[in-house]
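> Each chain, letter by letter, is given below.
2 protein chains.
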Amino acid sequence: MLNFSFVNPTHIHFGEQQISTLAVNIPLDAKVLVVYGGGSIKSNGIYEQVASALEKHVWGEFAGVEPNPSYQTCMKAVELVKAHNYDFILAVGGGSVIDGCKFIAAAACFEGEPWEILSKGAPVESALPIGVVLTLPATGSESNSFSVVSNLQSNDKLPFATPLVQPKFAILDPNVMTTLPTRQLANGVVDAFVHTMEQYLTYPVDAKVQDRFAEGLLMTLMEEGPKVFAKDAPYAVKANIMWSATMALNGLIGAGVPQDWSTHMIGHELTAVYGLDHAQTLAIVLPRMMMEQKEAKREKLLQYAQRVLNLDMSDEDAAIKQAIEKTEAFFHSVQMPTRLRDYGLGEEVADKIVAQLERHGMVALGEHQAVTLEKSRSILLQCV
Amino acid sequence: MLNFSFVNPTHIHFGEQQISTLAVNIPLDAKVLVVYGGGSIKSNGIYEQVASALEKHVWGEFAGVEPNPSYQTCMKAVELVKAHNYDFILAVGGGSVIDGCKFIAAAACFEGEPWEILSKGAPVESALPIGVVLTLPATGSESNSFSVVSNLQSNDKLPFATPLVQPKFAILDPNVMTTLPTRQLANGVVDAFVHTMEQYLTYPVDAKVQDRFAEGLLMTLMEEGPKVFAKDAPYAVKANIMWSATMALNGLIGAGVPQDWSTHMIGHELTAVYGLDHAQTLAIVLPRMMMEQKEAKREKLLQYAQRVLNLDMSDEDAAIKQAIEKTEAFFHSVQMPTRLRDYGLGEEVADKIVAQLERHGMVALGEHQAVTLEKSRSILLQCV
Chain A
1 MLNFSFVNPT HIHFGEQQIS TLAVNIPLDA KVLVVYGGGS IKSNGIYEQV ASALEKHVWG
61 EFAGVEPNPS YQTCMKAVEL VKAHNYDFIL AVGGGSVIDG CKFIAAAACF EGEPWEILSK
121 GAPVESALPI GVVLTLPATG SESNSFSVVS NLQSNDKLPF ATPLVQPKFA ILDPNVMTTL
181 PTRQLANGVV DAFVHTMEQY LTYPVDAKVQ DRFAEGLLMT LMEEGPKVFA KDAPYAVKAN
241 IMWSATMALN GLIGAGVPQD WSTHMIGHEL TAVYGLDHAQ TLAIVLPRMM MEQKEAKREK
301 LLQYAQRVLN LDMSDEDAAI KQAIEKTEAF FHSVQMPTRL RDYGLGEEVA DKIVAQLERH
361 GMVALGEHQA VTLEKSRSIL LQCV
Chain B
1 MLNFSFVNPT HIHFGEQQIS TLAVNIPLDA KVLVVYGGGS IKSNGIYEQV ASALEKHVWG
61 EFAGVEPNPS YQTCMKAVEL VKAHNYDFIL AVGGGSVIDG CKFIAAAACF EGEPWEILSK
121 GAPVESALPI GVVLTLPATG SESNSFSVVS NLQSNDKLPF ATPLVQPKFA ILDPNVMTTL
181 PTRQLANGVV DAFVHTMEQY LTYPVDAKVQ DRFAEGLLMT LMEEGPKVFA KDAPYAVKAN
241 IMWSATMALN GLIGAGVPQD WSTHMIGHEL TAVYGLDHAQ TLAIVLPRMM MEQKEAKREK
301 LLQYAQRVLN LDMSDEDAAI KQAIEKTEAF FHSVQMPTRL RDYGLGEEVA DKIVAQLERH
361 GMVALGEHQA VTLEKSRSIL LQCV
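Chains as they are written, first to last, in UniProt numbering: chain A, 1 to 384; chain B, 1 to 384.
Cross-link-like lysine to any residue pairs, in silico, SDA-like; alpha carbons within 25 Å at most:
| # | chain 1 | residue 1 | chain 2 | residue 2 |
| --- | --- | --- | --- | --- |
| 1 | B | K227 | A | V205 |
| 2 | B | K168 | A | L164 |
| 3 | B | K231 | A | N3 |
| 4 | A | K168 | B | N3 |
| 5 | B | K56 | A | S5 |
| 6 | B | K227 | A | P204 |
| 7 | A | K231 | B | D206 |
| 8 | A | K227 | B | Q303 |
| 9 | A | K168 | B | A161 |
| 10 | A | K227 | B | L2 |
| 11 | A | K227 | B | Y203 |
| 12 | B | K168 | A | S126 |
| 13 | A | K42 | A | V58 |
| 14 | A | K168 | B | L2 |
| 15 | A | K227 | B | F4 |
| 16 | A | K168 | B | L164 |
| 17 | A | K227 | B | P204 |
| 18 | B | K168 | A | P9 |
| 19 | A | K326 | B | R307 |
| 20 | A | K326 | B | N310 |
| 21 | A | K168 | B | F4 |
| 22 | A | K227 | B | E299 |
| 23 | B | K227 | A | D206 |
| 24 | A | K326 | A | M291 |
| 25 | A | K231 | B | L2 |
| 26 | A | K227 | B | Q306 |
| 27 | B | K231 | A | D206 |
| 28 | A | K168 | B | V24 |
Here are the in silico distance ranges between beta carbons for each label pair:
| # | chain 1 | residue 1 | chain 2 | residue 2 | range |
| --- | --- | --- | --- | --- | --- |
| 29 | B | P163 | A | Y203 | 33 to 43 Å |
| 30 | A | N151 | B | K42 | 53 to 63 Å |
| 31 | A | Q17 | B | S154 | 37 to 47 Å |
Rather than coming from a laboratory, the hints here were simulated on the basis of the structure.
Being a predicted model, the structure only gives us computed values, none of them experimental.
Note that CB positions come from ideal geometry on N, CA and C, so glycine has one too.
Kindly produce the complete structure, drawing on both the sequences and the hints.
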């Protein structure tokens, strides 16, 4: 096991009717900006629950944070915060809204040009407190300190992270998933699955707890994922997916183990250039990354094949091949395409994305920095 | 899955050489009381590492917190805190020292008779901040808000809990286990195992993540526990046990699931009356509790038999019987006796302990409150 430091200070309130606890989870003297996305919360009842819980608070709202939140949109919210002296940000949404709120919270307190937080890693020294009402389980952003924001003008999709923007609390009511469209449910399941894989499928460091926890999340997502699309999907299915998605990226399973993230880095570029959903890119890249890295990841691939997929291990090479196929089949089982051609894209993607990776310094990805630009190109060509 | 709220704000610093981070983990302007137990830290090098890390701090020390920390000893430390205005408590020890420090931290700020925190549940409104250098993985006390303190005069062993006494940080260096005696290592493994079981072996509520995490801890402890006694036990074995013990009682695996704790309640009384180590009592009671409750716990016993122990499930009753036998055999494999007679005790124990349970209001224990005093008596008689 590698040395690590770990803490997760986000207070999780999980279950039915938990949105009402906003009334006590946000200080009564706070001036709250409620930030959300395209407005689905107005038709599915979540907006009303939030408004009802905040009836004793002073609050305003900012709508329109888009999937892959843009710097441009976030800066409009920052203007609003400054104009009205909001001092608490309540994100009501999925990962995009939450990531946007993290940037808004930091940018509102930043002296200088906030774009430099993303472009130059300018240090964040303070941020407004953030709370979350999660409407889409997927990214884990509700209880971590990471954010990814896109610049619409420059086609950049860039991350920043600081404990200052980690949400104070996150409310997770699985019932919010009831009205989610198939595409968003699929995105959530796949995103959580690949987050787990990027922290699990590297090389063994004798970290038995972390491995077993990651395997538990993978098994849960594989068991429950395909069931969540039914109109009458049980509460337990939604609850298990929602809790898995949070646990997949709250720092715990990645503490003390090597991490990969090469699939994410390539995926981010695909989203920035072609506008694919984040999880759509992951489902395309991961199976090819597994195949390309199958020798470097051999031991963990075998462990995955045996413990998670319960495969026949008598022929190890066959088991690895089957494990990769079953991973791709799992993505299909949750209604997720896994090829560039499913989005009308072809071999032209490879050069374009490799150029992006190069521009962003992503010249050697993965736990061994073994995914060179040439390997990324090869992976992308296999993704067609 | 049941509704839950969960947060764990203790910052974990895990790994080799982490004790040196005390230098930055405790504010430089704090006046630190270092609290420890019988003095083994002076012979195994931990005291020196702590002193070296604190060389720029103002600090004093209090030695002699005993296993099952006593109210009487803790109150001596409280006097010292008050006399010298210490404002930070550093626990250097295992669960007993940490539990003692939690009481010291609360009692030092308590107006009135601190015994009432334990005896009457008097509310704790403030406490001194606590840090931990863990020297014995076992209780999980390093990152939770629970404490159990004994009154030597009245044979009471009573719990209290408040987020105010949850450690700010905990330093977990697996190398501290190198010089631990067999008895303490065995205690630690068994304690962590039974903590996990008390949150796992109840009835199913479709909480797949929690179940898989608990199973991961049980498997890790069963795999690594027997290996830890060798003089040259690998670092990874110690690390896996240490991290398992922390995760076993930091609130995570118990969030959203029913909990039992009946084995602990009976065990506490055995310790209070006969002075057995905490884990010794758990290893005696748990197998008999599993047998007594085998119908109420049937579904989870089968899940345990299948997933954790990988037993042949063709005959369910046989699998349950074997699962209980294998649990007891695991205790033996980590050098832990499992019978009252191993400590020179016999049937006389039953009446005495039942009287204690009755006196403390423990008349209906377990997830279904089904363990009546009569059942506790029956369990105790089977423990002989």
